[in-house]
Amino acid sequence: LSECADDKCCRYRVGKHDTISRVSAPEWSSSSTADRQGLSHPGPMIVALSVWETKMAKQFEGAVESLDDRVLAKLEKNHTRADFFEAVDLCRKISLTLQPTFIAFTPWTTIESYRDLLRVLANLDLVENVGSVQLALRLRVTSGARLLELDEMREIAGAGDPVARGYPWRRSDPAVDDLGGRVCGLV
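Quick note on this note's numbering: the sequence shown kicks off at 245 and runs consecutively.
Hint data in this document are derived by calculation from the structure and do not stem from the laboratory. What you are looking at is a predicted structure, and each value in this text was computed from that prediction instead of being measured. Every residue, glycine too, gets a C-beta built ideally from N, C-alpha and C. Any given hint might turn out to be false.
Said to hold, decoys possible - Pairs of lysine-lysine residues, derived as DSSO-like cross-links and limited to a Cα-Cα distance of at most 27 Å, are as follows:
1. Lys302 x Lys321
2. Lys302 x Lys337
3. Lys302 x Lys318
As the list claims (entries may be wrong) - Pair ranges (Cβ atoms, derived):
4. Ser339 x Leu392: 15 to 25 Å
5. Thr341 x Pro412: 16 to 26 Å
6. Glu399 x Asp333: 31 to 41 Å
7. Ser416 x Thr341: 33 to 43 Å
8. Asn367 x Glu399: 14 to 24 Å
9. Ala366 x Ala307: 14 to 24 Å
10. Val431 x Glu356: 15 to 25 Å
11. Arg314 x Asp421: 13 to 23 Å
12. Val431 x Arg363: 16 to 26 Å
13. Asp333 x Ile400: 14 to 24 Å
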């Protein structure tokens with residue numbers, strides 16, 4: 245996986261028997277070659293999926309974390325909501341069970357974005373594939389986290405807690421914190 249962690253080193257394509265194959269950098273280095281071969285930019289999730297698929301895995305646990313592109317950018321996940329939908333499709337094509345993981349409660353989670361997460365999981369028939377704890381996890385900001393470089397994060401992060409080894413944070417919307425607490429109590 246380390247050789248493919250950077251989306252610039254290689255790309256993947258779905259073959260005629262629904263297999264996923266690696267395409268080396270020279271094959272896609274020019275845009276005309278990439279266009280001719282129908283290659284698309286794989287997010288890291290797709291790269292990991294490709295690596296797992298070659299090992300004949302039956303399931304794939306993907307660190308999706310969020311379906312909100314704005315949150316994914318802040319978390320520097322290097323994939324998008326669209327990449328998640330593509331990964332779901334690819335997993336289904338090769339009969340690989342996708343088990344996405346999430347950080348449901350972040351400083352940027354809203355009631356509507358949480359509803360969207362639940363709606364998408366239901367619409368994609370993934371509810372059984374997601375552990376209930378995944379719907380209750382709250383972002384933990386640890387010492388040295390790059391998130392602390394964000395002005396908005398520094399504004400809401402409390403003083404560092406040496407026992408918890410992190411920075412507690414509180415949303416400006418207490419309804420989201422309340423929802424997070426109730427969901428956590430259920431799981």
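Hints and how they fare:
Among the hinted pairs, Lys302 with Lys321 is consistent with the structure: their alpha-carbon atoms are about 24 Å apart, no more than 27 Å. Of the pairs offered as hints, the one joining Lys302 and Lys337 holds, with about 12 Å between alpha carbons and a cut-off of 27 Å not exceeded. Under the criterion of a C-alpha separation no larger than 27 Å, the hint pairing Lys302 with Lys318 is inconsistent with the structure, at around 31 Å. Range check, Ser339 to Leu392: about 42 Å between beta-carbon atoms, so the 15 to 25 Å window is missed.
Here the CB-CB span from Thr341 to Pro412 is close to 35 Å, at odds with the stated 16 to 26 Å. Between Glu399 and Asp333 the beta carbons are some 39 Å apart, a value that agrees with the proposed interval 31 to 41 Å. Checked against the hint of 33 to 43 Å, the pair Ser416 and Thr341 passes, with Cβ atoms roughly 38 Å apart. In this structure, Asn367 and Glu399 break the distance hint of 14 to 24 Å, their C-beta atoms being roughly 35 Å apart.
Judged by the Cβ atoms, the range 14 to 24 Å given for Ala366 and Ala307 holds: they are separated by roughly 21 Å. About 21 Å separates the C-beta atoms of Val431 and Glu356, a value consistent with the hinted range of 15 to 25 Å. Remark: the range hint 13 to 23 Å for Arg314 to Asp421 is upheld by a beta-carbon distance near 19 Å. Judged by the Cβ atoms, the range 16 to 26 Å given for Val431 and Arg363 holds: they are separated by roughly 19 Å.
Restraint check, Asp333 to Ile400: a C-beta distance of roughly 36 Å breaks the suggested window 14 to 24 Å.
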